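Visitor: From just these sequences and the hints, can you work out the full model?
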Amino acid sequence: MPKLDRIEAGHYRIPLPEVLTDSTHGAMADFELITCRVADADGAEGTGYTYTVGRNGGAVHHILAREIAELAAGHDADRIEALWQHVWWGLHYGGRGGPAVLAQSAFDIALWDLKARRAGTALWRLLGGHDPRVPCYAGGIDLELSAAELIAQTEGNLARGFRAIKMKVGRPRLSEDVAKLAAMRAHLGDGFPLMVDANMRWTADAAIRAARAFAPHDPTWLEEPVQPEDVAGHARVLREGGVPVASGENLRSLWDFQALIAAGGVSFPEPDVTNCGGVTAFMKVAHLAEAFHLPVTSHGAHDVTVQLLAACPNRSYLEAHGFGLDRYIADPLRIEEGMAVAPDRPGHGIGFDWAGLEKHRA
Numbered sequence: 023m024p025k026l027d028r029i030e031a032g033h034y035r036i037p038l039p040e041v042l043t044d045s046t047h048g049a050m051a052d053f054e055l056i057t058c059r060v061a062d063a064d065g066a067e068g069t070g071y072t073y074t075v076g077r078n079g080g081a082v083h084h085i086l087a088r089e090i091a092e093l094a095a096g097h098d099a100d101r102i103e104a105l106w107q108h109v110w111w112g113l114h115y116g117g118r119g120g121p122a123v124l125a126q127s128a129f130d131i132a133l134w135d136l137k138a139r140r141a142g143t144a145l146w147r148l149l150g151g152h153d154p155r156v157p158c159y160a161g162g163i164d165l166e167l168s169a170a171e172l173i174a175q176t177e178g179n180l181a182r183g184f185r186a187i188k189m190k191v192g193r194p195r196l197s198e199d200v201a202k203l204a205a206m207r208a209h210l211g212d213g214f215p216l217m218v219d220a221n222m223r224w225t226a227d228a229a230i231r232a233a234r235a236f237a238p239h240d241p242t243w244l245e246e247p248v249q250p251e252d253v254a255g256h257a258r259v260l261r262e263g264g265v266p267v268a269s270g271e272n273l274r275s276l277w278d279f280q281a282l283i284a285a286g287g288v289s290f291p292e293p294d295v296t297n298c299g300g301v302t303a304f305m306k307v308a309h310l311a312e313a314f315h316l317p318v319t320s321h322g323a324h325d326v327t328v329q330l331l332a333a334c335p336n337r338s339y340l341e342a343h344g345f346g347l348d349r350y351i352a353d354p355l356r357i358e359e360g361m362a363v364a365p366d367r368p369g370h371g372i373g374f375d376w377a378g379l380e381k382h383r384a
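In this text, residue positions in the sequence shown follow the numbering used here: the first is 23, and each later residue adds one.
Be a bit skeptical, because a hint or two may be false.
[To be verified] FRET-style restraints, in silico, Cβ to Cβ:
1) H108 <-> H209: 45 to 53 Å
2) R35 <-> R195: 30 to 38 Å
3) F314 <-> T46: 26 to 34 Å
4) V363 <-> Q107: 29 to 37 Å
5) D212 <-> R383: 46 to 54 Å
6) R28 <-> E103: 16 to 24 Å
7) G211 <-> R383: 44 to 52 Å
Keep in mind the hints are simulated off the structure, nothing from the lab.
Keep in mind the model is a prediction, meaning the values are calculated, not measured.
Glycine included, each C-beta is placed from N, C-alpha and C at the ideal position.
Guide: Put into structure tokens, the structure is as follows:
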């Protein structure tokens with residue numbers, strides 16, 4: 023097969039349409055997009071990306087442009103597993119997470135896009151193919167919204183075709199969270215899928231108290247109730263809180279997920295393809311979850327991830343929010359009556375507006 027001939031990294035700082043707020047990261051006015059474009063000796067190309075919520079993008083860009091480009095140059099582009107292992111161990115001493123694994127994720131996504139494009143098939147089909155229609159929820163970053171504002175936002179999402187909603191929790195007073203959740207449940211009705219996301223806000227004890235307060239309002243799951251490293255805390259919240267737990271967007275490897283799943287700390291494992299090691303690692307996490315009879319969900323990067331969940335028999339919900347990235351891609355994600363539809367274009371199907379991105383180059 024053709025060898026890797028070119029690896030290019032881009033770094034962009036993209037302003038958000040509106041300032042977003044959650045309980046941990048505070049106010050976010052822009053996000054960093056770090057892209058990876060690969061080409062083989064035949065001229066075929068693939069694209070990947072990762073992102074940050076405002077910091078460390080320069081480090082990710084540097085690792086892609088210098089370290090990974092040097093490690094991967096001249097290697098067989100089709101041997102993705104071999105390349106993944108080569109890059110992982112090449113970056114290992116200063117890696118195993120952080121900017122290194124974000125950079126590797128973007129590179130791995132680009133390799134899979136290249137491989138599917140060369141094969142002339144959609145990525146979800148190349149990965150095995152299960153169902154191109156994936157249940158989807160609208161993931162808002164909306165902690166500071168009042169109940170009335172949250173309901174107005176929800177009405178907009180329902181009009182766009184969503185049939186499941188996630189809201190942020192983690193206000194200074196638990197009673198404020200409970201009141202907004204109660205208002206949302208009353209507005210949406212019994213049985214409507216409604217998730218709550220705490221963004222690592224609490225200790226295990228506080229999370230258990232919150233989960234018990236939320237339980238009468240039937241949340242589909244409580245997401246990231248405690249810090250990602252607190253495996254024992256996750257297990258306590260799931261065991262004692264009375265509601266399902268989703269977690270994993272801040273885990274950075276297959277082995278992190280193995281520890282959390284084996285400890286009984288998660289109901290819905292939630293990898294992010296842009297920070298867990300790319301397509302290669304995401305699919306291993308999904309299959310690991312399947313072996314434990316757990317449904318897999320996702321975080322971020324919905325335009326890529328719809329392809330991955332479409333290949334998973336144990337997929338649950340795709341999270342849809344792109345930090346405004348839809349403005350810079352040719353064919354944004356299509357939602358039909360609560361289902362995200364994986365496109366059948368070759369590769370992952372994302373075409374960036376490179377000229378539009380250029381004005382935001384960091």
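Visitor: For every hint, state whether the structure bears it out.
Guide: Structure-based check of all given hints:
1. Between H108 and H209 the beta carbon distance is about 52 Å. The supplied range of 45 to 53 Å therefore holds.
2. The hinted window of 30 to 38 Å between R35 and R195 holds, with their beta carbons roughly 34 Å apart.
3. The hinted range of 26 to 34 Å is satisfied by F314 and T46, whose Cβ atoms lie roughly 27 Å apart.
4. One distance hint, 29 to 37 Å for the beta-carbon pair V363 and Q107, holds here, with the actual separation near 33 Å.
5. A hinted range of 46 to 54 Å for the beta carbons of D212 and R383 is consistent with their spacing of about 49 Å.
6. Between R28 and E103 the beta carbon distance is about 21 Å. The supplied range of 16 to 24 Å therefore holds.
7. Between G211 and R383, the C-beta spacing of about 46 Å keeps the proposed range 44 to 52 Å intact.
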